[in-house]
Each structure stands twice: as C-alpha cells, then as structure tokens.
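**Student:** This is what each chain is made of:
Number of protein chains: 4
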Amino acid sequence: MARPSDPSKKKKIVTAAITTFAQKGYAGTRIAEVAEAAGIGKGTIYEYYRSKEDLFFATFEHLMSDTNTLMDKVSQSATGSASKRLVAMADAIITSWLANLDIFGLVLEFWSATAAAPGRKRFRAAFRSAYSELRRVVAELIRHGIEVEEFNAQIEPEKIASALIGSWDALLFQGWLDSGFDPLGASQSHMKVVLAGLRHPTTADEE
Amino acid sequence: MARPSDPSKKKKIVTAAITTFAQKGYAGTRIAEVAEAAGIGKGTIYEYYRSKEDLFFATFEHLMSDTNTLMDKVSQSATGSASKRLVAMADAIITSWLANLDIFGLVLEFWSATAAAPGRKRFRAAFRSAYSELRRVVAELIRHGIEVEEFNAQIEPEKIASALIGSWDALLFQGWLDSGFDPLGASQSHMKVVLAGLRHPTTADEE
Amino acid sequence: MARPSDPSKKKKIVTAAITTFAQKGYAGTRIAEVAEAAGIGKGTIYEYYRSKEDLFFATFEHLMSDTNTLMDKVSQSATGSASKRLVAMADAIITSWLANLDIFGLVLEFWSATAAAPGRKRFRAAFRSAYSELRRVVAELIRHGIEVEEFNAQIEPEKIASALIGSWDALLFQGWLDSGFDPLGASQSHMKVVLAGLRHPTTADEE
Amino acid sequence: MARPSDPSKKKKIVTAAITTFAQKGYAGTRIAEVAEAAGIGKGTIYEYYRSKEDLFFATFEHLMSDTNTLMDKVSQSATGSASKRLVAMADAIITSWLANLDIFGLVLEFWSATAAAPGRKRFRAAFRSAYSELRRVVAELIRHGIEVEEFNAQIEPEKIASALIGSWDALLFQGWLDSGFDPLGASQSHMKVVLAGLRHPTTADEE
DNA sequence: CATGAATGAGGCTTCATTCAT
DNA sequence: GATGAATGAAGCCTCATTCAT
Chain A
11 MARPSDPSKK KKIVTAAITT FAQKGYAGTR IAEVAEAAGI GKGTIYEYYR
61 SKEDLFFATF EHLMSDTNTL MDKVSQSATG SASKRLVAMA DAIITSWLAN
111 LDIFGLVLEF WSATAAAPGR KRFRAAFRSA YSELRRVVAE LIRHGIEVEE
161 FNAQIEPEKI ASALIGSWDA LLFQGWLDSG FDPLGASQSH MKVVLAGLRH
211 PTTADEE
Chain E
11 MARPSDPSKK KKIVTAAITT FAQKGYAGTR IAEVAEAAGI GKGTIYEYYR
61 SKEDLFFATF EHLMSDTNTL MDKVSQSATG SASKRLVAMA DAIITSWLAN
111 LDIFGLVLEF WSATAAAPGR KRFRAAFRSA YSELRRVVAE LIRHGIEVEE
161 FNAQIEPEKI ASALIGSWDA LLFQGWLDSG FDPLGASQSH MKVVLAGLRH
211 PTTADEE
Chain V
11 MARPSDPSKK KKIVTAAITT FAQKGYAGTR IAEVAEAAGI GKGTIYEYYR
61 SKEDLFFATF EHLMSDTNTL MDKVSQSATG SASKRLVAMA DAIITSWLAN
111 LDIFGLVLEF WSATAAAPGR KRFRAAFRSA YSELRRVVAE LIRHGIEVEE
161 FNAQIEPEKI ASALIGSWDA LLFQGWLDSG FDPLGASQSH MKVVLAGLRH
211 PTTADEE
Chain Z
11 MARPSDPSKK KKIVTAAITT FAQKGYAGTR IAEVAEAAGI GKGTIYEYYR
61 SKEDLFFATF EHLMSDTNTL MDKVSQSATG SASKRLVAMA DAIITSWLAN
111 LDIFGLVLEF WSATAAAPGR KRFRAAFRSA YSELRRVVAE LIRHGIEVEE
161 FNAQIEPEKI ASALIGSWDA LLFQGWLDSG FDPLGASQSH MKVVLAGLRH
211 PTTADEE
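Chains as they are written, first to last, in my numbering: chain A, 11 to 217; chain E, 11 to 217; chain V, 11 to 217; chain Z, 11 to 217.
In case anyone wonders, no lab produced these hints; they're calculated from the structure. One thing to keep in mind: the hints can contain errors.
For identical chains, the list gives no copy identity; a pair is met inside one copy or between any two copies.
Straight-line C-alpha distance at most 35 Å; calculated DSBU-like pairs for lysine-lysine [to be verified]: (1) K62 x K83; (2) K19 x K62; (3) K52 x K94; (4) K131 x K52; (5) K19 x K94; (6) K34 x K94; (7) K22 x K94; (8) K94 x K20.
Please model the complete structure; the sequences and the hints are all you need to start from.
**Tutor:** What follows is the structure in structure tokens.
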C-alpha cells in the first residue's frame, strides 16, 4: 500500500501536469491526458498522487518553488544600490515569467483556486505565505534603501512592496491577455517613477 | 420558441449567479443552486440563458458594466489636479471592491476564464478591451498632468497607467487572500510615491 | 374544463402535426414546433389534445381515414374484370402515396409505434384492423375473380391479398429510401405476373 | 484514451441492446437498462460505443450482417430449378425472422430511423444498399430462370425482385401485428402464384 | 378560450477513481 | 509497480405539461 516515490517519475508527472493544466485549465484537463502527456498509464498517476486535486496542488508547489528559487538567486546575486537591486528583481521576475508565458494560464488557475470551495484552502494559505515572504524581501530592500539614505524616510516599505509585487503580477497578466502589451517595458517605466518617488519626499498631505 | 426576456427576472438570475459563482466557483456551482438562490425553477434559467457557460458570461458582463459605470462616474466627478484625480480614481475603485470583497472570488474566476479552452475566448477579448479602455482613461489623466506641467514630461503615460491599474487589482487580490492586509492603505502609500515620482525627473539612466 | 372542440382548429393542428412529425419524427418533434407550424400557442394544443402521444395518434387516425376513404372510392369506382380492378386498386394506392411521399416517413413512425412499449397498443390494434379490412376487400375481389372463373380456384384469396397489400407498402418504402426506385412500375410489373399466376393453375406441388 | 475493444464484450452489449431496443424501442430504452441487461456498469457501454445513437446503429449493423449471412448461406446452398431456389430463399428468410419475431420490433425502429432527422442518414444509406444488394441477388436468380427458359422472357427481373422482397418484409410485419396471421403460409401461397405467373406469358396488355 | 412562462422529472454522458491482472 | 478496463456518482440540459393571466 505504501506509495512508490520514484522522484524522477513524480517529476515527469508534474511536468506533464503543468503543461496540460496550463493549456486546458484544471476543469478542462482529464487525468488521462496528463498520463498520456507523461507517457505513462492512467492508474500510475494515482500511485504518486492521491487525487487530481492533489496533483494540481503539486504543480502549484512546483511552480511556487521555482519562483522561490528564482527569488533567492536574484536577491543573493543582486548588488549595488537598493534602487538597482529593486529594478533587478523586477526585471528578473518579469523576464522569467515572460519566458514561460505559455504556462501563465496556470497561475490564473491557481489564483482562482484560492477562491472556490473547500479542499482548496491550502492554495490560499500557500499564496498568503508566499506573498508575505515576497513582501518581506522587497520591503527589506526598501528599508535598507532608507537606512542608507537612498530613499526618503517617510515611505512605508511594506505597503510599497506589496504594490510593487502586485504590479509585476498584474503587468504579466496584461501581457498574457494582449500579446501586443509589453510587461517588461511597462514595469521598467513604472519602476523608474517609483524610484524617483522613493528618493524624493512626498508632498505634504494633499489638501 | 421565442424565449422570454423579462429583464427583472434576468437580473434576479444574474444576481443569484453572482453570489453562487463567487462562493463556490464556476465548477463548484450547480445550476440548481443558482435557481434555488434565485427562487425559481431550474428549467427557468434555461429560458433566459442558453447554458451554464452563458450565464457565467452574463455575470461577467454584469460586473464589467458595473465597473465601467463606476469608472465613468469617477472620471466625470473628479476635479482638481491630475494627482488628486488619480488618487480619487484609485480610492474609488479599491473602496468599491472592498465593499464587495465577498464576490472578488468571481473576478478570479473570470481571470482564469481567460485561459482555459474554447468557448471562453470572449472572456479574454472582453478583458483585453476593458483593460485597454481603463488604460486609456488613466493614461489620459496622466497626459493631462504632463500638459499642465504637474507631471514631468519624461514619463510614459500608457505604461504608468497599466502599472497603476495593475497594482489596484493586485492589491485587492492580496487583501482578498489575507484579511489582515489593507489594500486601500497600500494603494494610497503607493500612489503617494508614484505621484512624487511623476512630479520629479527620473534620474539619468542608471548605467 | 370541458375541452373546446372547434373542428377547424383541430384540423389545423393535425395538419401541422402531420408535416412536423413527418419531417422530424415523433421523438424529434417538439410540441412547440407543431404549435408554431399551426400558427397557434403551445398551450392551445393541450386544449385539443391531452398529450403529445394523443396528438400523434390523432395524426395516425387522420391518415388512416384518408387511406380508407381512398380505398372506398377505389373499390366503388372500379369496374371491369377482377384483374382490372385489382390493378386499379394497386395503382390508386401507390399513386396516391407517391404524391405524398414527403409524409411517408410518418407511416414509418406509425409502424414503429406498433412496437414500443405501453400506451401504444392502440396503434397496433388500429393497424391490425386496418390491414384486416384491407385484406378483406382485396380477398373479396379475388374471390370474385374465382367465382367468375377469371382466376384459378386453387388459390387462397386471403393469403394472396395479404401479400399484394404488403408488396404495395414495401415498394413504397423502397421508393422512399431510394428516389431512383420506381414503386409504381415495380408494382405494375409484379401485378402482371401475379395476375398471370392467378389465371393459370399452379403446378402440382413441387416435390 | 484508446478505448478497449474486447469483441466479446462488444457482442455482449449489442446483444443486450438488441433485446432491450426491441422490447422498448429506441426512445423507450435507457442506457442503464441495456447495461443492466448486459450485466455491466452503465459507464462501460460508453467505453465501447460513443453514444446511445451509436449503439443503436451497431445493433442495426449486427442484424444487417446476420441477415446478409443468412442470405449468403441460402443462395449458396440453394440448388435445383430457379423456382425452387426462389421459394427456398423466401422460406429461409421468413422462417428465420419468424424464429426471432420477438425482435422484429427492432426492424420497425430501423425503418423509422431512415426517416427522422440528422445523424441518422447512415440508416437510410445502409438500407438502400442492403435492399439494392438483395434485389440484385433475387433478380439474378430470376434472370437465370429466364435464361434456362424456366421463366417467361417478358418479365422484368429487377421489378419482380423488389416486389418479392417487399412482400416478405410486409408479411412478416403483418405476422408481427397479428399473431393469428401466418406469414410463411401467405408467402408460400403468394410464391406459388408468382411462380405460375413467371412461367406463363402475361396476357397482352390489358388496355 | 388562448397563451407562453415556469417547471422539474428524467436521461445521456463524463470522468475521477478503483482494483484485478 | 504499472496498467487500463470498469464503474457509477453527478450534473447539464431538454421538453412535455401546467396554469395564471
């Protein structure tokens, strides 16, 4: 009864699942399709994953961890001023996703998985902590910029961080919707403005 | 043969559909549930909508038009400097959605509907044009700010617009995920920085 | 509660039903279609007929009575030798149906209605008595031919009658299937042979 | 993805389908009933047949092929004069169907399937070619009878063939309607007359 | 009388999951 | 361990019939 755990096969399944879920969505994907894409039998998937839902969550975790890995790499390799590091981070994330825009649909599926009914609470929880962590990293960077007096002290690092991260996601979504849209360019333009804003004092409260 | 078209009943159905789809997601919703929520018979829904998918799209259009109405109201009523108007717009959108955060899950469903398979192309098309319009309106406002020399001339209105809009969506999403998160505060903080950035020249290209 | 009985409206409904059932079959016909074809409201049909099944049976009776009327006319107007009368009868029936081959599909529906389940026993009964009557008329004619020594006395009128009648139906069916097939020609050819056979003694029992 | 194709199971299903469709008609039959009659699960049927309609067509083909097999056997084994062979053929077909009169209702369903709407064109096509072939075989036999001067040269083999075949069908139908009716006797009586007619010259055209 | 909007029973079909091989 | 044939719960949708207007 103990399930097998050949990691190479698990990977093969998840990879196939990513492709298939991305193309057809969760509801539109049949387990048989994933199996076929993975070049294995339908029943075999159940040796490695308890259910379709479980497999879906596994693809989620897989992508999540890819993103985390990317983030770690970026934040470790980034050098220079806080501004440069922020821009590098934005560019890295967006560039990385642009290179895989074909599976961006999967992200949308994950987002919507945070909504629907029961058994999907883990998606919401995972997203929450992922965003939380991402905000922490970015906020840290901003805070650092303040400390070294690169950024103005009035700003609230956490809040800015959440908006920045959000803009990255949202620009990718717009790029996904509209192939004529350029998320990277938009992000860079936005980052320039934000960095300018971070350096200068915000005007005394309007009105 | 000719289907009935009592608009008040259509509205009753759509309203029920919004609630139900928002709570349980598209896949998790049974037509019978919507009917019950609308206080009518299951078959009656099919007098007004050809299919579940059609009803879903109708809820989409309904919310879309609500958002458009809101946008029109905001852009018409907004007065004062470009900055103030931008902030007003951001606040209006976010506040409006915060008041209906319980149906934000529906938006996620719509987002993911832009992905999956056939018969859903219209979602993508509708989103594309909606974003396009929203960008146009916001970019217009920014362009106006440049003309009156409130904003610095180097910025690219369309790109900034897309990032701003994106941040609103994405902050709402974070608020949806995490009830401790405050989208409005984050947006306001972000807007302040952006407005500061818009007023000041961006530094000479970083290397 | 008493049902109305405006006969002109009943006729309008049955006429519409004949056309529609003939084109789409019983199962493929919706009451709404019949109503539309009749130029009346869907509910009105139920003022005149208890159910779809009932309406179907009414179309059956209508056609049956048409056929009976035809038969009566033919058998009364026929003059001359028994042979001539038989041929006239065959020709009349086939010609009449050929002129309405577009509703022959309805006859097929009636035939199959003699099979399926309960509530359709009346179709079988009606057919049984209709065939019985038809056989009686044709057999009578043959018997008459025997009496006047036009036909050979060995033949069994009832059996020949049933085969003749059957051949008419079946040739029409073949014509219905294949527009290149000529039921009338085939019938005439067949009748000639049969009449020749009726006139001559059948050979002593073949071994 | 690839559907199973165990022929013995396909046969089991078709057999069950024949019984059930014959008893209750196409419309009156529920897939679940067929499954139960076949002793398998409802879903299993869909592993072997795409739809109810498909299964129905399969039963049609099955019976068609049975009939063809019978015809081949009869035409090959038949010896003796053309007359004897014709009678043998008639008797074989009728006897064979009489032995299975319980599923004759199915034939009626098939006949009516040549009418109704779309997706059923194949029934008509199959019938057309089946009748065409049957006519060919019978006409061939008649033509042979002419050649050996057993039959008179004036007759038209194709036309007589179509009428003979038709009479077999139609007599079976009458037997099906009325258990007191004897299709075999009627056919034999009819065949005798026809054979007598085939041997003797038809009278000069009856004005 | 006529209408057609409303209804819900009923059936086909899908597909995740199981389990014998 | 791997497989895929078998399964049946579940759900969309149709359409005959009703009945308030």
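**Student:** Taking the hints in turn, state whether each one holds.
**Tutor:** Comparing the hints with the structure gives:
no. : hint       : verdict
1   : K62 x K83  : within (32 Å within a copy, 45 Å between copies)
2   : K19 x K62  : both (16 Å within a copy, 30 Å between copies)
3   : K52 x K94  : neither (49 Å within a copy, 59 Å between copies)
4   : K131 x K52 : both (27 Å within a copy, 30 Å between copies)
5   : K19 x K94  : neither (40 Å within a copy, 57 Å between copies)
6   : K34 x K94  : neither (38 Å within a copy, 43 Å between copies)
7   : K22 x K94  : neither (38 Å within a copy, 53 Å between copies)
8   : K94 x K20  : neither (39 Å within a copy, 54 Å between copies)
In summary, the numbered hints that this structure violates are 3, 5, 6, 7, 8.
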